[in-house]
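Undergrad: Listed here are the chains, written in short residue letters.
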Amino acid sequence: MIAEAGHYALVLALGLALIQSTVPILGARWGDAALMNVARSTALAQLVFTLASFLALITLHVTSDFSVVNVFENSHSMKPLIYKITGVWGNHEGSMLLWVSILALFGGLVAAFGNNLPLSLRAHVLAVQAWVASAFYLFILMTSNPFLRIINPPLEGRDLNPVLQDPGLAVHPPMLYLGYVGFSISFSFAIAALLEGRIDAAWARWVRPWTLLAWIFLTLGIAMGSYWAYYELGWGGWWFWDPVENASLMPWLAGTALLHSAVVMEKRNALKVWTILLSILTFSLSLLGTFLVRSGVLTSVHAFASDPKRGVFILLILCIFIGGSLTLYAWRASALKQGGLFAPISREGALVLNNLFLTTACATVFVGTLYPLALEVTTGQKISVGAPFFNLTFAPLFVPLMLAVPFGPLLAWKRGDLLGAAQRLFAAGVAALVAIAVLWAWTWGGSTLAPLAIGLAVFVVAGALSDLAERTGLFRVPFGTAVRRARGLPRSSWGTVFAHAGVGIALMGIVCETTWNSEYIGSMKTNDVAHVAGYALKFDGLTQRQGPNFQEVAAQFEVSLDGKWLSTMKPSKRSFTTRGSTITEAALLTRGASQLYISLGDIAADGTIAVRIYHKPMVLLIWFGPVLMAFGGMLSLSDRRLRVGAPKPARVPRSLQPAE
Amino acid sequence: MTRKQRRLTIIGGSLTVLAVAVALVLNAMRGSIVFFSTPVMVSEEHIPPGKRFRLGGLVEKGSLVHGDNLAVAFKVGDGSATLPVTYKGILPDLFREGQGVVAEGALDASGVFRADTVLAKHDETYMPKEVADALKKQGHWKDDYGEKSHTTEAQAGPSTSGVSGATQGVSQ
Numbered sequence: 001m002i003a004e005a006g007h008y009a010l011v012l013a014l015g016l017a018l019i020q021s022t023v024p025i026l027g028a029r030w031g032d033a034a035l036m037n038v039a040r041s042t043a044l045a046q047l048v049f050t051l052a053s054f055l056a057l058i059t060l061h062v063t064s065d066f067s068v069v070n071v072f073e074n075s076h077s078m079k080p081l082i083y084k085i086t087g088v089w090g091n092h093e094g095s096m097l098l099w100v101s102i103l104a105l106f107g108g109l110v111a112a113f114g115n116n117l118p119l120s121l122r123a124h125v126l127a128v129q130a131w132v133a134s135a136f137y138l139f140i141l142m143t144s145n146p147f148l149r150i151i152n153p154p155l156e157g158r159d160l161n162p163v164l165q166d167p168g169l170a171v172h173p174p175m176l177y178l179g180y181v182g183f184s185i186s187f188s189f190a191i192a193a194l195l196e197g198r199i200d201a202a203w204a205r206w207v208r209p210w211t212l213l214a215w216i217f218l219t220l221g222i223a224m225g226s227y228w229a230y231y232e233l234g235w236g237g238w239w240f241w242d243p244v245e246n247a248s249l250m251p252w253l254a255g256t257a258l259l260h261s262a263v264v265m266e267k268r269n270a271l272k273v274w275t276i277l278l279s280i281l282t283f284s285l286s287l288l289g290t291f292l293v294r295s296g297v298l299t300s301v302h303a304f305a306s307d308p309k310r311g312v313f314i315l316l317i318l319c320i321f322i323g324g325s326l327t328l329y330a331w332r333a334s335a336l337k338q339g340g341l342f343a344p345i346s347r348e349g350a351l352v353l354n355n356l357f358l359t360t361a362c363a364t365v366f367v368g369t370l371y372p373l374a375l376e377v378t379t380g381q382k383i384s385v386g387a388p389f390f391n392l393t394f395a396p397l398f399v400p401l402m403l404a405v406p407f408g409p410l411l412a413w414k415r416g417d418l419l420g421a422a423q424r425l426f427a428a429g430v431a432a433l434v435a436i437a438v439l440w441a442w443t444w445g446g447s448t449l450a451p452l453a454i455g456l457a458v459f460v461v462a463g464a465l466s467d468l469a470e471r472t473g474l475f476r477v478p479f480g481t482a483v484r485r486a487r488g489l490p491r492s493s494w495g496t497v498f499a500h501a502g503v504g505i506a507l508m509g510i511v512c513e514t515t516w517n518s519e520y521i522g523s524m525k526t527n528d529v530a531h532v533a534g535y536a537l538k539f540d541g542l543t544q545r546q547g548p549n550f551q552e553v554a555a556q557f558e559v560s561l562d563g564k565w566l567s568t569m570k571p572s573k574r575s576f577t578t579r580g581s582t583i584t585e586a587a588l589l590t591r592g593a594s595q596l597y598i599s600l601g602d603i604a605a606d607g608t609i610a611v612r613i614y615h616k617p618m619v620l621l622i623w624f625g626p627v628l629m630a631f632g633g634m635l636s637l638s639d640r641r642l643r644v645g646a647p648k649p650a651r652v653p654r655s656l657q658p659a660e
Numbered sequence: 001m002t003r004k005q006r007r008l009t010i011i012g013g014s015l016t017v018l019a020v021a022v023a024l025v026l027n028a029m030r031g032s033i034v035f036f037s038t039p040v041m042v043s044e045e046h047i048p049p050g051k052r053f054r055l056g057g058l059v060e061k062g063s064l065v066h067g068d069n070l071a072v073a074f075k076v077g078d079g080s081a082t083l084p085v086t087y088k089g090i091l092p093d094l095f096r097e098g099q100g101v102v103a104e105g106a107l108d109a110s111g112v113f114r115a116d117t118v119l120a121k122h123d124e125t126y127m128p129k130e131v132a133d134a135l136k137k138q139g140h141w142k143d144d145y146g147e148k149s150h151t152t153e154a155q156a157g158p159s160t161s162g163v164s165g166a167t168q169g170v171s172q
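As you go down the protein sequences, you meet chains A and B in turn.
Read left to right, the first sequence gives residues 1 to 660 (the numbering used here).
Read left to right, the second sequence gives residues 1 to 172 (the numbering used here).
Next comes chain A alone, as it looks inside the complex:
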């Protein structure tokens, strides 16, 4: 009954989306306010029905109704409640339902909070949202219905893939989807602007916070996924340049560029046409990511052919939306008026440079991800493009970008003073050089590149702090005045500082972890001691434990440093009876920002274990950086200027605007 209700709610949502995608556009054509207002109510109703459908699927999973195929294939009555819930989106059908639920959520939010938008703009935006929604409802209903029943219901389910039975699944996919799908808003605004042939003042003010919101979620989602892979896959890597990861990195890079170009558009009314294009590209890359992950094309182009219905359908959606929007762009973009002028050396110029490098870096990731697919389709030859490719292309493009990051916020709008900015960055430069010199002396004979990279990271962080010092007049005015000024700074300025510092901190973590990580691989008997990076790890023996739906063998390690006992670590192996598969649960010990990491290999009959122990210096900075970036984003989002959202009253003098 619940399954049928969920299915029915989804069909109703499709019906509403179809109305929402046509009627408001006609209303806007005819100037009929009543028809345009249809968009608002349908968007809200659509949200209600989609959520009902999603809740129905959750209920089915929680109550372990194995007469539903989706529940049977991905659940088990003994599974802990949290994994029964998260298991809903741990499979294809459920995760597509989550995708459309989030899409409906964003549509509903625009409808609910868009009262101060011009009526025709709102009608157009919601209609475009509904086009996307209709396509995905159709996709779910026709190829991936999660509510299908089995004629002879089995008594027990097949259980969820053990790798996915982890709290990470509760957070990572929803975050990632909030990011992916959040970019649909800026896409809809872009298409609406092209349809209307003009960009109002409300446009940039609306697009920027929504892009920022999506970007925050995507940043956190990617970081979270990376940390999850790090501790769950058991071999200590945190980024594999796997196509699935690249699929989320590409929208992030484009989204970061969009975020910056939207600033130019909002402040200076320039780069309009480019911002529109970036909005389209960012969401197109989100759709591409969905396609890559969902179609099975990644494991092989033949996997795509073996289940063509889904793949072809989603490819069709991809072609229609990307092709259609780019065609519309080519046709209408010239109708949009170009905005303000600026010199190449200026804040705008710096942001253009940022966009240039981010989009180029994004393009290299795109090539590296899709080239193997293209080659296999055309010649049948199979290749793998891995980390070496991306290290040789992505990294060199990021170096000049990182060098430029501290300069950007210090340049004035319209016409900047590069020499002045360089002078103000003198302290940051000195800090970077000192860091390089100290590291070189300390790691004499080691890597030459790593200290340089750390120096670059220090430059970025110190540059962000210099920007703050410059704005508050720290060291030039009395301390009390500086603090007062710091309090008075707009939150978006603070956001810039945190986000840019976060980039530097992540880079530090990445360089430290890849250069100075040490590992021990070997077999150990009870009471053997392994030495890694000054730590002594004594193997104390194995213990057995029965979990809810698995059996666990844990190895106990006593960790000590210089003869002093620190902690006990318990890496384990879990065997899941239903699927007959075993997974390794790594044990982590955090010391400052560094971590010790133990992962188990084979366990022999005589109690000898194969182990891999890593010491990963500063590894936590890799994820702390993105968290700082996201925090910066949130600060900026909470800025009064963005919260108000209404077009600015004309009489506020321009000179009182905080420079940023």
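Rather than coming from a laboratory, the hints here were simulated on the basis of the structure.
Nothing here was measured: the structure is a model prediction, and the numbers come from that model.
Cβ coordinates follow ideal geometry from the N, Cα and C atoms, glycine included.
This list has only true hints and no planted wrong ones.
Covered stretches of chain B, going by a simulated chain A footprint (3 or more residues, C-beta under 8 Å): (1) 2-16; (2) 21-33; (3) 91-102.
With chain A's structure known, arrange chain B on it following the hints.
TA: Same frame as chain A, but now just chain B:
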């Protein structure tokens, strides 16, 4: 600067960055791309020792030998040829005799494949697609594999996670 000059500066700058990126991509394409082979392709193509490639096939039954200190040796076959493989380190959870495997490394002078990475997928019915395709082509495809891998498609797919779904063993 006139509007035109400004525009030219920006376009010139963009083209420079793009040209650099293209050069980087082409350079990386030459050096860092790894091809996929099966044992029979290795025996036919005479891959020079030291050239990295990915080897895929089935782990021959009864060929796995554990040496000292995590050294392992096994044979990878595709029905018509086999190739001895050595590896030092921890094998992925799902590494089993008779199962599909993909190893990355290079041949040494004596014709033994020295792997530094061994991949297996987190699903016990999974067989790496590259292996399945290669076996199909040579007519060694077992139908039950086809069915199994088909039913597990849904589970092999949902890496919404960013967790790639593949486990890897990496040696020093």
